[in-house]
Amino acid sequence: MPNPIITLNNPATTAAQFDALLAPGDKTFFAVLGNSANHQTLATAAQPDASTWRHVLLMTDPTLLYPKLSLMSTADVTPPVPPMPTWVVIAITFDGRIVDIATDFGTATANIIPFFIEAETL
Amino acid sequence: MKRIITYGLILMMISVKTHAQVSKTIDSIKQKVATGKAAKKTKGTTSNTDDAQRFFSIKEVDENGSTVTFQPDYRVVDPNSVLNLTIDTAALISKAGATLSPDITVKLKKLVNMLAAEKESIDNVKGAIIAYQQGRPKQIWQPLLKKQGDFARLILKDPDNLSIYNSVPKDTSIVSQYEALFKAASIIIGRLKDQIVSQAKTNGVYVQLGAWLETSKASTPIHIPGFDSYTPQPASSVQRFQLVLTDDQKAQLQQISAFADTANSEGLGRAILNATQNSGQILTALENLQSYKDLTALWTSLNKLADSTQVKTAAVKTALQDAANAINTYKNNVDALIAKYKSPQTSTDGNQLLLQVNTDVGLLQSQTSQLSTSLQNDFTTINGLVAAETADVQTQIKTDLPILQKIGGEFKTDLSSIGSQEATFISQLLLGKGLAETSYDFTNQVNQLSINQLNNTAIIDLTTAGQRNQGDQVTIKIAMGKAGVASTELETEHYKLYFCGLYANTAVGFLFVSPTPVFKRTGDNAFFRYAPSYSILLRGIFASEKTARTSVSYHSIWEPGIGLNFSALDFNNTGSVQLGIGGVFSIFQDFLQFGYGINTFDGRGYAFFGFKLPVGSFTIH
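Chains X and C are the protein sequences, given in the same order. For the first sequence, the tail end lands on 122 under our numbering, and the numbers increase by one without skipping. For the second sequence, the tail end lands on 1621 under our numbering, and the numbers increase by one without skipping.
These are computed hints drawn from the structure, not numbers from a lab. Be aware that one or more of the hints could be misleading.
Mimicking DSBU-like on lysine-lysine, the simulated pairs with C-alpha atoms at most 30 Å apart in a straight line are [as the list claims (entries may be wrong)]: (1) C:K1193 to C:K1109; (2) C:K1147 to X:K68; (3) C:K1138 to X:K68; (4) C:K1059 to C:K1217; (5) C:K1109 to C:K1170; (6) C:K1107 to C:K1157; (7) C:K1146 to C:K1109; (8) C:K1119 to C:K1107; (9) C:K1147 to C:K1110; (10) C:K1147 to C:K1193; (11) C:K1157 to X:K68; (12) X:K68 to C:K1146.
Extracted from the complex, chain X is given alone in its bound form (with noise of 0.2 Å):
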């Protein structure tokens, strides 16, 4: 049974949500950060992939998360910096590294699963 879209939508707690999502380490996320209907449209095609340990994580309003992912550790990919992009797709490992970045639809769409799998082993 894949695990449900975990939607983190509240400008005021997004951050400390966040947080609390990866302070076990026991969870791999594929982040989807935007309020477009692809940006729902991705994330839902995301979850039948998101069981055992792995989550889909939808940020409708990023923003304030921005300065957080520009400091996160990174592997085997360029850290987003600002101004960020409309598009902003990552893999995140259960340390909080980010390991792959998408910036447009057609890419994440296409590499849902390979973000899992490099989120899960990098």
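Fit chain C to the supplied structure of chain X, relying on the hints for placement.
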């Protein structure tokens, strides 16, 4: 009698128990010598070890249709079998790629290694899922996933590989998504290999496969269908059950019989002395060598020319005289040696005689080598100056010059073969049968095949390899080259030909027979009587499959056999021959035999031990 049997049994037990350790050491020495010899002759990899890269594997089908899959440490093959080779095309492609496209080769190697780890990898992923579902701590299941990091990076971080991965069908289960990684790796490997094969074809890369049968007399190529244009030899089998004495053995038995007669009538010491005196006859064979006769004729001709007034150039005259003098000195030495060994030796010390023969042969070899060098120098001098002489002199000199050059080499070869007979026993015992020198070079009858033309199977039928015997050797070599460049050896394997199952053969021997029990002996009776004998021996029953295939020394040194012994006895010293039949155990290439028999004429039992003797000019083989 009991004591002899007891000693024999103890010896048998010790030999069986220690032969494994000793065989291993001897085989190791022999392999080092063989590897060293082969490494001198060829470049590249000489195998028969576990460490070298393999480019082909072998399955042997013997004459009974049984199949044996060769292991890397096998060194023995049945002489009547068919060898089915499977060529590792992937290894050849990697090798070609290493030269043509190092980058592709590196990727290919990583992907091949990845595929090799597929089962373990999937098991790790399944293990991680189970542990997570059981609520085990993350320290248990997360590392199992981390182990797949290199594979994930290899496939998913390369845009081309990622594209292939995304095209492989998979479902929402995590296991199927990881299985798809390996399916993608397999597809990518195929594409990379195709790239290398295409590049290899463009660059004229080729592969050659060849085999040789090496006997003591010659080394001949073996036809491999599809790989060369040699003509296969007429089919022949090595006799597995030889129950009748060969012509050589019959001749040896006659000599042993004469030896035994002398030993019985005049004592063993006199018999040995007579035998060792004959070893000097080796040297008297010199005067019958064609090389020696040619040398004599050349000396006459050179002397005549040097004394002739027709030769004008002083340097030519001097060189001719030098050559004639060198030959004359050498000939005098040879003549003196021949005369020495033609006269019967009066010394009673057989050992001293053998040593003297050995010394004289060594000295003669040294003198021959010096003569050869001296004649070569004279040839060079004369050749350089001959143009200044008259036409008649030039013709005469040119007639003599080729002989001059040739004789040194031929005589050295002839003499070397005489000297080597003395060393045959020791070298053959340690290194096995001496084989003809082989350089393992491919001739133009061996096809140069591109990788995509190559069959990945080859058949070497030993029954059409030519006349062969146990102790001969088959060598298989595979090599790779490029257009216009000679091929480089990739792998060479050497296999000795020995029966690896039951077989039988005959052996002759000189027996020490003990017909009288010790407690019944009187002071006048001899402790032993001497008898010629032959045995029919069954062999191959003491070795495991592994020993038979891996231990050359088991076949070439130990060669244990058990069977029947037939001997010509004369217990009562009356000159009338009595037939003895007994059971015999033989070891060390029949150098040592012992057993117990019955004199069929008077019913007396006897114990015996026996061994081979170097009688007359026949050599231990």
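Okay, the hints, checked on the actual structure:
Proposed proximity of C:K1193 and C:K1109 is supported: the alpha carbons are some 11 Å apart, at most 30 Å. Between the alpha carbons of C:K1147 and X:K68 the distance comes to roughly 29 Å, so the proposed pair stays at or under 30 Å and holds. Of the pairs offered as hints, the one joining C:K1138 and X:K68 holds, with about 25 Å between alpha carbons and a cut-off of 30 Å not exceeded. With a C-alpha separation of about 28 Å, the suggested pairing of C:K1059 with C:K1217 holds against the 30 Å cut-off.
Straight-line distance between C-alpha atoms of C:K1109 and C:K1170 comes to about 25 Å, which keeps the hinted pair within the 30 Å bound. Proposed proximity of C:K1107 and C:K1157 is supported: the alpha carbons are some 13 Å apart, at most 30 Å. For the hint linking C:K1146 to C:K1109, the alpha-carbon distance of about 21 Å falls within 30 Å, and the restraint holds. The hinted pair formed by C:K1119 and C:K1107 meets the criterion: a straight-line CA distance of about 20 Å does not exceed 30 Å.
Proposed proximity of C:K1147 and C:K1110 is supported: the alpha carbons are some 15 Å apart, at most 30 Å. Straight-line distance between C-alpha atoms of C:K1147 and C:K1193 comes to about 27 Å, which keeps the hinted pair within the 30 Å bound. The suggested pairing of C:K1157 with X:K68 holds, with an alpha-carbon distance near 25 Å, which does not exceed 30 Å. Restraint check: the Cα-Cα separation between X:K68 and C:K1146 comes to about 25 Å, which is no more than 30 Å; the hinted pair holds.
This entry satisfies every hint, going by the numbered hints stated previously.
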